[in-house]
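Enquirer: Chains as they are written, first to last, in our numbering: chain A, 539 to 1284; chain B, 2 to 269.
Derived from the structure by calculation, the hints contain no laboratory data. Treat each hint with caution, since some may be false.
[To be verified] Taking CB as the label site, the calculated pair distances span: (1) B:K208 / A:K1185: 47 to 53 Å; (2) B:A138 / A:G1205: 47 to 53 Å; (3) A:I941 / B:K208: 51 to 57 Å; (4) B:R230 / A:V1279: 46 to 52 Å.
[What the hints assert, rightly or not] The following residues of chain A were derived to be distant from chain B, with all beta-carbon distances above 10 Å: (5) E577; (6) G608; (7) E614; (8) L770; (9) K789; (10) E824; (11) A836; (12) G1114; (13) P1134.
Note that CB positions come from ideal geometry on N, CA and C, so glycine has one too.
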Amino acid sequence: MAFNLTRRKFLQTASLAAASVPLAKVVSASTGISRSALEAKGTFGDKTVTGGICEMCFWRCQLVGKVRDGRLMKLEGNPKSIDNGTAICARGNAGVQLLYDVDRLKYPMKNVGKRGEPKWKRISWKEALDECGSKLKKTVDQYGAQGICVFPHGSSAKYPMHYFERAVGTHNVSEASFFQCRGIRDTAYVATIGKAPGEKIDMPNTKVLFFIGDHLGENIHVSHIKQYIQGLQNGAKLIVADPRFSASAAKADIWVQIKPGTDTAYMLAIMNYLVKNNKYDKAFVEDHTEGFDEFFAAIKEWTLEKAAKECDIPAEQIKEVAEMLAANAPHVGIHPGRHVSWHGNDFQRQRALACLTGILGAYYVKGGWVPAKGPKVGGVSWAKEDHGQEFDLNQDHQKDEKIYPFKPPGTPTELIRDCAISGKPYPIKSCVVWGQNPLQTIPGQQKMKDLFNAMDFVMCVDVMPTDVTAWADILLPEPSYLERFDFIKTGTQWDLSKEHQQYISARMPLVPPMFERKDQIYITNEIAKRMGHEAKIPVQTIEELVDKSLATANLSIEKLKAEDGIHIQPGKDPYGVPEDFTVMLFNEEIEDTGHPGAPTYIAVPDTPEGYARLLYGRAPVHTFNRSQNNVWLHNAMPDNPVWVNDKVAAKIGLVDGDTVGFVNSEGVESRTTTTVKVTAGIRKDCVYMYHGYGSANPLMTIGVGAGVDDQSLITKLAIDPETGCSGMRNNFVKLIKDGKVLDLSA
Amino acid sequence: MQYGMIIDLERCVGCHACTIACRAEWEVPVPYQRNWVKRLGPTMTDDGMASTYYPGLCNHCDKPPCVAECPADPVEMTFTAKNSKTKTMNVAATWKDPFDGSVQIDKDRCLGCGACADACPYGARYVNPALADDDSAGKADKCTYCKPRVEAGLDPACVQTCITGARIFGDLSDPNSAVSQYVKKGAKGLEVKGGHIGPNSRYYGNKKDMGLLFADYTPELADMASVKRRAMMASMVKPAMKKAKDIGILGLAGAMLVKGFSENEDNK
Chain A
539 MAFNLTRRKF LQTASLAAAS VPLAKVVSAS TGISRSALEA KGTFGDKTVT
589 GGICEMCFWR CQLVGKVRDG RLMKLEGNPK SIDNGTAICA RGNAGVQLLY
639 DVDRLKYPMK NVGKRGEPKW KRISWKEALD ECGSKLKKTV DQYGAQGICV
689 FPHGSSAKYP MHYFERAVGT HNVSEASFFQ CRGIRDTAYV ATIGKAPGEK
739 IDMPNTKVLF FIGDHLGENI HVSHIKQYIQ GLQNGAKLIV ADPRFSASAA
789 KADIWVQIKP GTDTAYMLAI MNYLVKNNKY DKAFVEDHTE GFDEFFAAIK
839 EWTLEKAAKE CDIPAEQIKE VAEMLAANAP HVGIHPGRHV SWHGNDFQRQ
889 RALACLTGIL GAYYVKGGWV PAKGPKVGGV SWAKEDHGQE FDLNQDHQKD
939 EKIYPFKPPG TPTELIRDCA ISGKPYPIKS CVVWGQNPLQ TIPGQQKMKD
989 LFNAMDFVMC VDVMPTDVTA WADILLPEPS YLERFDFIKT GTQWDLSKEH
1039 QQYISARMPL VPPMFERKDQ IYITNEIAKR MGHEAKIPVQ TIEELVDKSL
1089 ATANLSIEKL KAEDGIHIQP GKDPYGVPED FTVMLFNEEI EDTGHPGAPT
1139 YIAVPDTPEG YARLLYGRAP VHTFNRSQNN VWLHNAMPDN PVWVNDKVAA
1189 KIGLVDGDTV GFVNSEGVES RTTTTVKVTA GIRKDCVYMY HGYGSANPLM
1239 TIGVGAGVDD QSLITKLAID PETGCSGMRN NFVKLIKDGK VLDLSA
Chain B
2 MQYGMIIDLE RCVGCHACTI ACRAEWEVPV PYQRNWVKRL GPTMTDDGMA
52 STYYPGLCNH CDKPPCVAEC PADPVEMTFT AKNSKTKTMN VAATWKDPFD
102 GSVQIDKDRC LGCGACADAC PYGARYVNPA LADDDSAGKA DKCTYCKPRV
152 EAGLDPACVQ TCITGARIFG DLSDPNSAVS QYVKKGAKGL EVKGGHIGPN
202 SRYYGNKKDM GLLFADYTPE LADMASVKRR AMMASMVKPA MKKAKDIGIL
252 GLAGAMLVKG FSENEDNK
């Protein structure tokens, strides 16, 4: 068992039980039986504190805390919530173990060793901030604002990100949530329907759900899962295209065991079939789409047979899916997905999803894509300033055009890394990492390390000593989401068919911060003062920021507190297609940039002989790589077994539970090993593992070396040509067992 | 009355919220557990490719094999029902409640021998070393169906946090309860092979998923000879244990335990 809980950690957990031993027995009123003093009391009698907003992931459920003698014992869903209700997921429940994780960053630290091999020295906040301020200012003075690059993630990184983008003036900001996750989805839908789609499928009220790679159940966001299961309970059919028999495939009516990378061909064939057989929504296409003829001309080569061959699935099944969608349209939910940076052909796939929704007329109707009408709350941050295009790496100055015309906000990661490493077209010499762990988030770990080595100065702000923190010169500790104010979360009731309601909540601390942790407003403002931007500081404290934002909705922290952390008000009916709503089936603007204006399939590299394509996905108990040191979550799934097709395994003598390492097609070996899961539920040409394991930082005493870091094996970079986002599923691996490299040929 | 829990596999997504909420509510130390979620499959079955979950917990059985094996000296206990009826029974350190049907433990009288844990065919009991004292390596612990929460009018912690409403708690002897409705629809307990102990945590799902669950996790009764050996060994050291409690050393030991841990905390 890969159980490496240290004794100290164990005692810390155990001490909770021992410390809570009451002196007298509790006699139950209803049974007359006295309970042993040794019995845990249960947290239900503890003091309830309200106003929590989870950030174990970005879904941000509303919480209450149970506090005993000043210690947070348990987190629960806020009973007042119309979103998650009293439910929270495993990660949400395990938040207390992040809060009290002994490995957490506690004090400002200076690296007096080497980058990547740090020796940490505790320093004062003054020294730390002086160092950050002077080094960053030196970079700006010497190389300009563009000499700073920023890798932010999460709600605490928003304010500092705005500072560096707006007040300092660098374009070189790369958010993993865009460039390694959902950015492609958002810009592809913007180029099709004018809006980012979110995951706004009216699942409780749909008749058919259509997932391309979505693996809800392994991917857990509370109200989203509530919607999904409610839909299935209400009788919705589920179609899941996935090379693997995922948690969603296990609940599906039709599992499409598609060849990785071919999803666009699959959808083009469905659309072609619908159009050719007059099974599309003609009225909707007439009223709300543009470019139908060009669109049809571009996709008509995609017969069922052609797609069947390309996607390695039966033509009959494609027809069955198309017929099922047509028979239930427009009440069908074509899910836009979330993490979609897969193969470097992803913008076109996301366009195909948006167009398929369009020809089925499944926008703004029951069961389709329906954006709920939430409340408006203004934000407060650093004032926007125009810093021109001169140092925008995405600008091709010679051709006077954008390199990646449909990039999400920020600058594509590879443009920043290439510039920082080569020094061309200009030097980038300081790096600010805030809440992101680029080593386990961005493919090409060596390239990331090369970037850090090219810097004059690297600073990291985080809660945990993640892998990237080992590369910092200065490392600053933040309070966790349970100990600080910040994020304002708004939304509606989770089932759109129910009474229309809206909610506004703001994150409030459930317990005070411990040690010397400081919030993002303090840290950013202190750096801003040292860089000469004191006059531009928009707020002095995080409470001021939250209060000013809430004031735009006639609310305040005090008012929210009086309402148990959540303000609820009447909502609006979200159904009904806006008159000017248009789906660009063919988009000339895309064509003008030299990319296909109609959704187009671009084949991805085939799996080389002897290798299997490395696929990865979400573990239900982890978020990205952020929760791997959480002792409760680690214990629930201590490693990330690699799924191997049973026939392939039999051929090469692998059995369930074998310990294996990996080597990829570029010769990079995994640092650690994991176990084998032999299953019929995966294609022969792929292997699969959960993302977010195998930390390399020994300061993460639970997560270090537990399982395999999938990102370490993703070294071959695929860049989506329209967006500049990373494609991470074009890497191929062999397994290593007992020192012997095993061919995975099917 | 017989409390029972339904796990609706059609709703369950295998997210583990139930297990972690239980850990927080009852301070269950890693790596022990009062409930668990195991993923089954994907594997090819007679009904096609299948994958589901085994969310397990104490079954509060009709005839709990754990209760019979407890070697602690029986004492007379009077149980009171909701309607004020009482019943007096001689019970060891673990018993089946005559009124609500739940199986409970008295940690004061538990010897920590683990015989009950060995006897449970589901592996639903463990010995919690955080509660170790001079005479024992810990105390037996398991799911209580959140009895203290239920008596306070709350749902069990696992039920409260369940995202999809896949866990339903209630009275199986009331034909109108939600749990009884599930039993009518076909919810079944994981009865032991060749025996009848009457598990009251029951599973509901489609044929394929239920087939996979029952094929993989239908348990066998434990080897009672080894259970009884362990129970006998434990009963031999009982006098020392009893003496310790009579003179209040246990309380002192508890206090020392707390001090020891807090010192450890200071050193971290």
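Enquirer: None of the hints should be skipped; say for each whether it holds.
Expert: Tested hints:
1. B:K208 / A:K1185: 47 to 53 Å: 26 Å Cβ-Cβ, so the 47 to 53 Å window is violated.
2. B:A138 / A:G1205: 47 to 53 Å: Taking Cβ atoms as reference, A138 (chain B) and G1205 (chain A) lie about 50 Å apart, which means the hint holds.
3. A:I941 / B:K208: 51 to 57 Å: holds (55 Å)
4. B:R230 / A:V1279: 46 to 52 Å: For V1279 (chain A) against R230 (chain B), whose Cβ atoms are near 49 Å apart, the range 46 to 52 Å holds.
5. E577: violated (5 Å)
6. G608: Correct as stated: the minimum Cβ-Cβ distance to chain B is 14 Å, above 10 Å.
7. E614: Contrary to the label, E614 (chain A) does not stay out of reach of chain B, its closest Cβ about 7 Å off (not over 10 Å).
8. L770: Violated, since 7 Å does not exceed 10 Å.
9. K789: For K789 (chain A), whose nearest Cβ neighbour in chain B is about 8 Å away, the distance does not exceed 10 Å, so it is violated.
10. E824: It holds; E824 (chain A) is separated from chain B by about 40 Å at its closest Cβ, greater than 10 Å.
11. A836: Holds, since 35 Å exceeds 10 Å.
12. G1114: holds (29 Å)
13. P1134: holds (36 Å)
In the structure shown, a violation is registered for the earlier hints numbered 1, 5, 7, 8 and 9, in ascending order.
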